[in-house]
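Trainee: Sequence lines, in order, name chains A and B. Just add 1275 to the spot in the first sequence (first one is 1) and you have my numbering. Just add 49 to the spot in the second sequence (first one is 1) and you have my numbering.
Simulated from the structure, these hints should not be mistaken for lab results. Treat the hints with care, since some could be wrong.
Stated by the list, open to error - 25 Å max Cα-Cα, derived DMTMM-like pairs, lysine to aspartate or glutamate:
(1) B:K78 with A:E1325
(2) B:K89 with A:D1293
(3) B:K181 with A:D1623
(4) B:K516 with A:E1378
(5) B:K413 with A:E1467
Claimed, not checked - A few chain A positions that, by computed beta-carbon distances, are all more than 12 Å from chain B:
(6) V1321
(7) I1350
(8) G1457
(9) R1476
(10) M1505
(11) K1528
(12) V1529
(13) D1563
(14) R1636
(15) R1669
(16) P1708
(17) P1725
(18) S1728
(19) L1729
Stated by the list, open to error - One side of the interface only, derived from the structure: several residues of chain A facing chain B at Cβ under 7 Å:
(20) L1297
(21) E1375
(22) S1655
(23) F1658
Cβ coordinates follow ideal geometry from the N, Cα and C atoms, glycine included.
Each chain, letter by letter, is given below.
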Amino acid sequence: MRLLTAAILACGLIQAQDPAALKFPPLRPVHIPQVETYTMRNGIRVYLLENHELPLVNGLALVRTGGLFDPPDKIGLASLTGTVMRSGGTRAKSGDQLNEELENLAASVESSIGDTAGEVSFSTLSADTAQVLAAFRDVIREPAFRQDKIDLAKMQIRSAIARRNDNPNRIAAREFSRLIYGKNTPYGAQVEYDTVARITRDDLVAFYRRYYFPANVMLAVYGDFDSARMKAQLERLFGDWNDTQPPVPAFPKVERRPAPGVYVATKSDVDQTVFYVGQLGGELRDKDDPALEVMGDILGGGFASRLFKRVRTELGYAYDVSAGWSPAYNYPGTFEIAGSTKSASTADTLAVIRQEVRRLRTAEVSDEELRTAKETLLNSFVFNFDRPSKTLSRMLRYEYYGYPKDFIFQYQKAIAAVTKSDVLRVAKQYLDPAQFTIVAVGNPAEFGKPLASLGLPVHSLDITIPKPEAAEVTARRAIGR
Amino acid sequence: MRASRLRLCLLLCFPLLIAAQDLKQFEKKVTEFTLSNGMKFIVLERHDAPVVSFHTYVNAGSVDDPSGETGIAHMFEHMAFKGTETIGTKNYAAEKQALDAVEQAYTKLAAEQAKGARADAKRTAVLESGVKAAIAKAESYVDPNAYPRLIEENGGVGLNAQTGEDATEYFYSLPSNRVELWFSLESARFLHPVFREFYKERDVVREERRMRVDSDPGGQVMEALLATAFEAHPYRRPTSGWASDIMSLRVAAARAFFDKYYAPANITIAIAGDVNPRQMKLFAEKYFGRIPARPLPPPLHTVEPPQRGEKRVRIASDSQPLLEMVYKRPDQNDPDDPVFDVIAGILDSGRTGLLYTTLVRDRKIAMVAACDATFPGGRYPSLFLFYAAPSMGHTVEENEKALDEVIERLKTTKVDAVTLQRVKTKVRADLIRQLDSDSGMASQLTWYEVNYGDWRKMFTGLDDIDKVTADDVERVAQKYFVKEHRTVAYTVSKGEGK
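Input sequences plus hints: build the corresponding full structure.
Mentor: Here's what the structure looks like:
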């Protein structure tokens, strides 16, 4: 840390300085709030953080489930369950009644299920906490899954499927991910008209029952409340919840199955190519993750990165180009380089990207690059603590995914320790350009130089949306039963 | 560095509530001062964490682009990240000469190109290679991206800028021990802007337009909608600029725009976070006090003439259907402004808004149905926007009809007391939910200060909202939601659009 006596700074006698010449006083230490944790008799883990700055209370229930548990023929089940848990109302109230009741208070209760977790959250002015907590409890414990809202949610999913090829960026991100993880695996599976049509109300109820039970729930509350009273309220609302289920199994494993080559999806109504280049990545807890993230930052992390400098600043080929080693908490994430460029410079841009990856694997980065990347990560570290609620949500995530409590400080230390030879070593060890998957979405008629000039096999991607007719038949049959 | 078009409804219908004592409490934490050159500062103290957010609001946007130079406000915004006379250069004296040489070479080329079909191809080629060589020479002195790099390596987060119709904004956050870095960097770029790498950046801006408009059906519909709804007022032009204008932009135009519109008295800055206001004032005088006073830019005189009938525009597209419909409305300082915000709350708010309950939930004809009370800007008379994305198997026509019915209902049935109160409560709660974000508050403080003349409007505007009655809603809907004053833009399948 660069030092300067605070006295000089405060008295304001110095003249306007050039930015590079400035020295800064040390940063005052961050205050890390104490989160109170305990386990209810039925197994719910509770996390409380009182904070009276604003008259608000927010809460989150984190449930071990996820879209990764979708049956292959009913992809979309978890997501639909998460949506209708809230929209379909509770035993006591319809979804529409809940909407009115909550919105009259400017409050919310929301539910969703993502790939690796289910969430039910609430937010309310503190004066209305009791009423909103009651609705929160009902959504978690007594969702009614009314058929009309299942139909509405399915309609929304079908509409989203119909629109999924309208945006080239979304096509590229999606196809890249499906190629990397394998489209017939839980990680690469995609919702289709058929898979939605097969899902029935019984499926939703069964999915809910399997995963929503006390021992499978973590509950965090933050804001303007009295902890002793909040504990009593939670006990009243959740203490008599005694459903049990066998423990939820581990999430499926990712299989490493590279899909090398160039994959082109044609979209003839655009004059720009969106590209994704990369491979399978790693988990946040991996020993080499910090070095890999520094590597990713140097390659394409920000304004100072090599790709930004070459592709955007020097060549003017792209507005956006970025790269990063993006770990996930509990399965391998991706390493990806993404951006867009005018159709005619597609091949040239991809060639420059490949050159830069090669350079990263053959020579050490400069001292300056390493310093910039590390300082960027370390100096912005304080923003992990700029709001007390961030400490709470981080604690929750760490416990959910089985990370040590002090992981963020271990990570900070590990970043500080990364060397130039670490960066070169991990680039050589983990990046495998020969196996890279390259997805390009655009108008090949205007590419100018063909992508075959890259010297890689070029495949065309069929992004046609499978027709819903078959699905309609299935749906009718399901109703007939 | 994005050209933002759709400012979220929430942000605009922010007007306010919270009791008077809340404003009193809040005022204690706010310090205001104006430098002798006219630049205004608002400092909000929040000492919870050692961080600080900065927001620079320049009261000039794409409406101020000169004709034939659309996109210049946005282009200047990009140039503001290119560095200063000391940051981003290896040798400024030599670089400056090289940059001048680029302009001379480019001017010769432009003169030849201006001959159009009569331009001499050989001479053009020679001049082009001259420009290329001059640019290469100038670039040899550049330390690329040094300016943003310095911010990032000092722990800056949220670094960005946006150009809108009404304003251009620059913002980021820093650890609070580094406030002086912001003063030094921000004042330098608005003291002596350096137009380095201009023509490369122009290509980048052209790519940005390709991404946001040319390759996006929503962007195409929006652009056509505005160009049709407005005939004279510059709200009709895209913030990013027309493609051909972008590719003709010159350094001289960017400099002229800067000189005219970045006068210190046209800039308002908010600083929110762990800072000492007295020290902020000292720093402000020291760094921004260096900028000489310049006259405020002249006001925009063009007034949109009255619309004499409904206008419709169709965009041929292979994509799924989209519908946008706008009605003319007065500017944000009109007494009816809060009524439009309440109407937007009645129509589009959570799962109780009329658009959602009617088009999405009950009729299932739309995947999304939404509105924006003030679009695309608010400084000048603008538009009330309705937007619908038909759900699968449903059409633009069905959605237009349903929108008409919802609008008719506003004009003929008084809104009930519960709904009206719900909208007012939400506005109040939204403000409370914003209060713990340094960056959000810095942005809001500048916006209210510039657009309403006093940041306190963030709080006092809640009273204006509170006064809105069911009669007001009906009256304003009847007065402004008339077909003769609307424009409808939508997609049709290719082949149908002839």
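Trainee: Broken hints, numbered, in rising order?
Mentor: Every hint satisfied by this model.
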